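Line order of the protein sequences matches chains A and B. Under our numbering, the first residue of the first sequence carries the number 1, and numbering increases by one thereafter. Under our numbering, the first residue of the second sequence carries the number 1, and numbering increases by one thereafter.
Calculated from the structure, these hints are not laboratory results. It cannot be assumed that every hint is accurate.
Below, simulated BS3-like cross-link-like pairs (lysine-lysine); rule was C-alpha separation at most 27 Å, straight line [claimed, not checked]: (1) A:Lys28 / A:Lys176; (2) A:Lys107 / B:Lys18; (3) B:Lys233 / A:Lys51; (4) A:Lys8 / A:Lys28; (5) B:Lys10 / B:Lys210; (6) A:Lys28 / A:Lys65; (7) A:Lys169 / A:Lys107; (8) A:Lys90 / B:Lys240; (9) A:Lys276 / A:Lys230; (10) A:Lys132 / B:Lys240; (11) A:Lys28 / A:Lys259; (12) A:Lys105 / A:Lys28; (13) B:Lys240 / A:Lys8; (14) A:Lys217 / A:Lys276; (15) A:Lys132 / B:Lys18; (16) A:Lys176 / A:Lys102; (17) A:Lys102 / B:Lys18; (18) A:Lys102 / B:Lys10; (19) A:Lys102 / A:Lys90; (20) A:Lys51 / B:Lys149; (21) A:Lys102 / B:Lys240; (22) B:Lys10 / A:Lys90; (23) B:Lys18 / A:Lys13; (24) B:Lys233 / A:Lys8; (25) A:Lys105 / B:Lys210.
Remember, it's a predicted structure, so these values are computed and weren't measured experimentally.
These are the residues of each chain, in order.
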Amino acid sequence: MFKVENLKYSYPKGESDVINDISFDIAKGEIFGFLGPSGAGKSTTQKIMIKILENFEGTIYYNGKDITEFSDEFYEDIGVSFEMPIHFSKMTAMENIDFFLKLYKNKGDIEALMRRVDLWEDRDKMVGEYSKGMKIRLNIVRAMLNNPNMLFLDEPTNGLDPMNAMILKDMVREFKEAGGTVFITSHIMSDIDQICDRVAFIVEGKIIEMDTPRNLKIKYGKRSMTLEYKENGETVTVEFPLDGIGKNEEFLNLLQTKKIETLHSGETTLEDIFIKVTGVQLKDAE
Amino acid sequence: MPNRLWILVKGELQRLNKYNMTSVSILVAFIWGVMLFFVNADILATLLPIVILLDATMMSLMYVGSVMYFEKSEFTISTMLVTPVSNSELLLSKLLANTVHNIFSSALLIAVFVLIKDVQIHYFLITIGIIVATLTHTLIGIVMAYFSKDFTGALMIVMTFSLTMMTPYTLLMLNIIQGEFWEIILLLNPIQAASEIINAGFVGFQITYKYYLSLGYLVFGSIILYIFYALPKFQDYAVKNSGV
Ligand SMILES: Nc1ncnc2c1ncn2[C@@H]1O[C@H](COP(=O)(O)OP(=O)(O)O)[C@@H](O)[C@H]1O
Ligand SMILES: [Mg+2]
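Isolated chain A (complex conformation) (with noise of 0.2 Å):
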């Protein structure tokens, strides 16, 4: 569905590249994170992608055709979220939304997604009068108003709730499941570990790693067996190989004659594997 070639890209007034020589595809009904530190070079791409940065080196088809070719009605395919909520704030909900409604040919049912994140109650208050995850929610509504093709979604998690992540995750495994196709970025890489079907590793422009997060897990996780047991008032932790676990005779001892405490496999988080594989720390200092 989207195919980005060789893409390189430097702003106009920086002098090294931004975006260094990164190649990927995303495949029609697939959503597909991309995930880094700040300032990696995600919303760039994103930027890139949804044809607001111009004079980028590389190609990217949107299905099969290069994007530079589509005129403004490609924007009739796509939902874009930005990094941060964007709206007039001495406007209603309501009359935000349906300013920008007008503009598509294609029209969503706008009442079903703004209850779907809560926010048909106050629809008429002054956006600027939201909260900070009320204007993201309010973000997310925007971005699907035309019922799109395709969504491109700037760390949307980043300033949710735990309840309003989970109502968003489940919104774009829904649209994913109508058939539609998901560019997702973020730093926190925990969030949106579960709905991707692919990721992207990316840090200073480069894109470190592709895998889905399985096989990521697979192929870096570490395979392993860690018990905790209480021993003279103390917990003790011992850590065991996950491979012919059944046999080892300490491991299966400590089972029979402790007082086991937790017992944990060794699932390597994403997180783990990110900072393994790049060797860098993903929570910024923010």
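Start from chain A and add chain B with the ligands according to the hints.
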């Protein structure tokens, strides 16, 4: 798709109202009105065209400057960029909406003084004068917004422009600068040219070739500025102020 242009213009006008720009311009018209109300008929005859000129030129620059500043501070332009609207529709709607809005106060002033002070005007010529002068200066204001980084920056540019342009206008008006040569050269100054076409709307003004020169200059100058500068640079401006 003219329909979409209409939606955009309506949206801009609605926002001008929501962001209190309309109240501000009514207030300004009111202040001008009160000021003019108490001067005697002779002074009014000289002062009203000047007030209309200031309203159509400097005030147009100020209004559109502030509107674009609000827009920049909310980054809403980035959202507009990802709708099916084209850059020319966006820019044109901004130009049209702000022109309509900026004409409003001049029209209000004229109407009031025609009704209560019996000022004599040529309706057709004053309409042309105000529309062309306002449109031109609104466009200049938009282009100025391309260059300004913040509100103070915008204000500085508008002030510098206005002072630079008002000075020769004033010198000419006070006969400190004289002669046909200067009168023609100074028509290059858009405020001077605007003054020529606005004055033509008041009864008693002699229309000469300078009127047509000014009108042609403002109309074609605007078209050229729009096609060769304002429109091609719009994407850059929009992206720079998209904030995302
Ligand atoms: N408008 C801009 N002009 C110059 N440099 C920019 C601009 N926007 C972003 N950058 C730089 O480009 C790099 C990538 O930024 P960005 O794409 O926003 O990263 P991310 O979204 O992954 O946090 C950063 O080094 C940032 O400083
Ligand atoms: Mg970003």
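Does B:Lys18 sit within 27 Å of A:Lys107, going by the straight-line distance between their CA atoms? holds, 25 Å
Would you check the hint for A:Lys169 and A:Lys107, treating anything up to 27 Å between C-alpha atoms as holding? holds, 22 Å
Is the straight-line distance between the alpha-carbon of A:Lys276 and that of A:Lys230 27 Å or less? Between A:Lys276 and A:Lys230 the Cα gap is close to 31 Å, so the pair fails against 27 Å, i.e. violated.
Between the alpha carbons of B:Lys240 and A:Lys8, is the straight-line distance 27 Å or under? With Cα atoms ~19 Å apart, B:Lys240 and A:Lys8 stay inside 27 Å; holds.
Would you mind confirming whether the straight-line C-alpha gap from A:Lys28 to A:Lys65 stays at or under 27 Å? holds, 15 Å
Satisfaction of hint between B:Lys210 and A:Lys105, Cα-Cα up to 27 Å: Violated, because 49 Å separates the two Cα atoms, which is more than 27 Å.
Holds or violated: A:Lys28 with A:Lys259, Cα cutoff 27 Å? violated, 51 Å
Are B:Lys233 and A:Lys51 close enough, with their CA atoms no more than 27 Å apart? Answer holds: B:Lys233 to A:Lys51 is near 16 Å, not above 27 Å.
Taking only the CA atoms, is the gap from B:Lys18 to A:Lys13 under or equal to 27 Å? Judged against 27 Å, a Cα distance of about 36 Å means the pair is violated.
For A:Lys132 and B:Lys240, compute the direct alpha-carbon distance and say whether it is at most 27 Å. holds, 24 Å
Keeping to a limit of 27 Å between CA atoms, is the pair of A:Lys51 and B:Lys149 held or broken? holds, 24 Å
Pair hint outcome, A:Lys102 versus B:Lys18 [Cα-Cα no greater than 27 Å]: holds, 19 Å
Going down the numbered hints, you'll see the structure goes against 5, 9, 11, 23, 25, while the others check out.
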